[in-house]
Amino acid sequence: MSPLAQLLEAALFAAARPLPVEELLTLDPDAGAAAVHAALAEIRDAFAGGAAGEHGVELVAIGDGWQLLTRPEYAEAIERAQFALRPRRLSPAALETLAIIAYRQPVGRVEVDEIRGVDSGAVIDKLLERGLIEIVTRGEGLGRPLLYGTTPQFLETLGLKDLEELPRLEELSVALRPPAPAEPE
Amino acid sequence: MTDPALVQDQNGFVVELEQFSGPLDLLLHLIHEDELDITDLPIAKIADQFLAVIGELGLNQAADYLEMAARLLRIKAQMLLPRRVGDDEWEDPRAELVRRLLEYQQIRELVEWLGVAAARRAEQFGRGFAPAPPAAPPAPLVIDLNDLLAAAERVIALIPEPVLHRVVPRPLDVEGATARIEALLAEREAFGWRDVVGERPTIVDLLSTFIALLELAKRGALSVRQDGPFAPIEIRRESARPAA
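Top line first, the protein sequences correspond to chains A and B.
Residue 152 in our numbering is what sits at position 152 of the first sequence, and the numbering runs on without skipping anything.
Residue 152 in our numbering is what sits at position 152 of the second sequence, and the numbering runs on without skipping anything.
Think of the hints as simulated: they come from the structure by calculation, not from any bench.
Glycine included, each C-beta is placed from N, C-alpha and C at the ideal position.
Simulated crosslink set (EDC-like; lysine to aspartate or glutamate; CA at most 20 Å straight-line):
1) B:Lys-45 to B:Asp-92
2) A:Lys-161 to B:Glu-112
3) A:Lys-161 to B:Glu-123
To be clear about the criterion: a stretch of chain B counts as covered by chain A if any three or more of its residues have a C-beta under 8 Å from a C-beta of chain A, and this derived list gives those stretches:
4) 100-109
5) 112-125
Covered stretches of chain A, going by a simulated chain B footprint (3 or more residues, C-beta under 8 Å):
6) 61-72
7) 84-90
8) 94-108
9) 117-129
10) 155-162
11) 166-172
Just chain A, same shape as in the assembly:
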């Protein structure tokens, strides 16, 4: 591997979080963004195969950064040996609330409550606590309600590069439309 790729590999190994390209650029002031991207590709290919075959870890693009992660097929064994634990799964209520906030952001609690048909205050507090959503602004109107949006932590938890990776509403089998034509479910 090139010296730059080796430097980036070392940094990615040392960091416990995804490193954005802007941050990787600070490692070597002489390297440009293009060189960093090329070096990242080099690392990714090195882990993915090459002469020695695949590695147990891979370079993954997450959020706006890059991170070295263990490959999924080893999760079970690693967890069984208690070297690492899979994070607790999000409850359906939490996922519902996250979905609404992800698609409607910035959105207030009242709208979330309306769509879910239940009080969502406690769920929103939990999501705030877990850093998956944040208060982005205050809305217009009565009481200037707090409006929520998703955080980089949200992207990271779902392994997304950005919100564009979420399914488009038109792609869903139930697109939101007036219920005019009867359609057998």
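Place chain B on chain A using the hints.
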């Protein structure tokens, strides 16, 4: 079906079911179970089922479910109202509910997608994900009796000396004041407040004298007069008092 699990939270009790995350979820479940057409809901049937299920699950205490039950019954009633054939103005009372159900169904589909994405991500560990090792237990304490006693003494020295206050009863001397006033009355027709209390009265003297004055005035032995607020008080003997 599972029993509702009660989860306490700062806003009171939140009913969270393994299966349903709200009335819309339950409604969708019923619709899918019976393979009903969501755009042409048999509202009477679904309302009855909904009521039966929330009764069964003990959800008829939960406001969100009750509200939905009420909504369903209202729509059911509206559907029963007669309408003219070919009435173009007629608005389907189910329309709003169907819109919400479709919207919610869309959210459920996204939930599925998000759940899969999160589960997939959870299969990969990054560095530093392992929880920090538990802190080492504190080293065993090495101490001898003298050290222990010295430490105890140091602690005892820190305890502040309790400050005691003696509470002394200072009863009002109304009798004494009464005697003093009566002596003055015997001597003089009229006199002032200052003459009774003296030059440097204590608060107890003042109070005793004032009570004695009022008492004597009540008995009719004297009259008290003050021309204005803070004006000198004048005390006058009251002898010629007509018998009742």
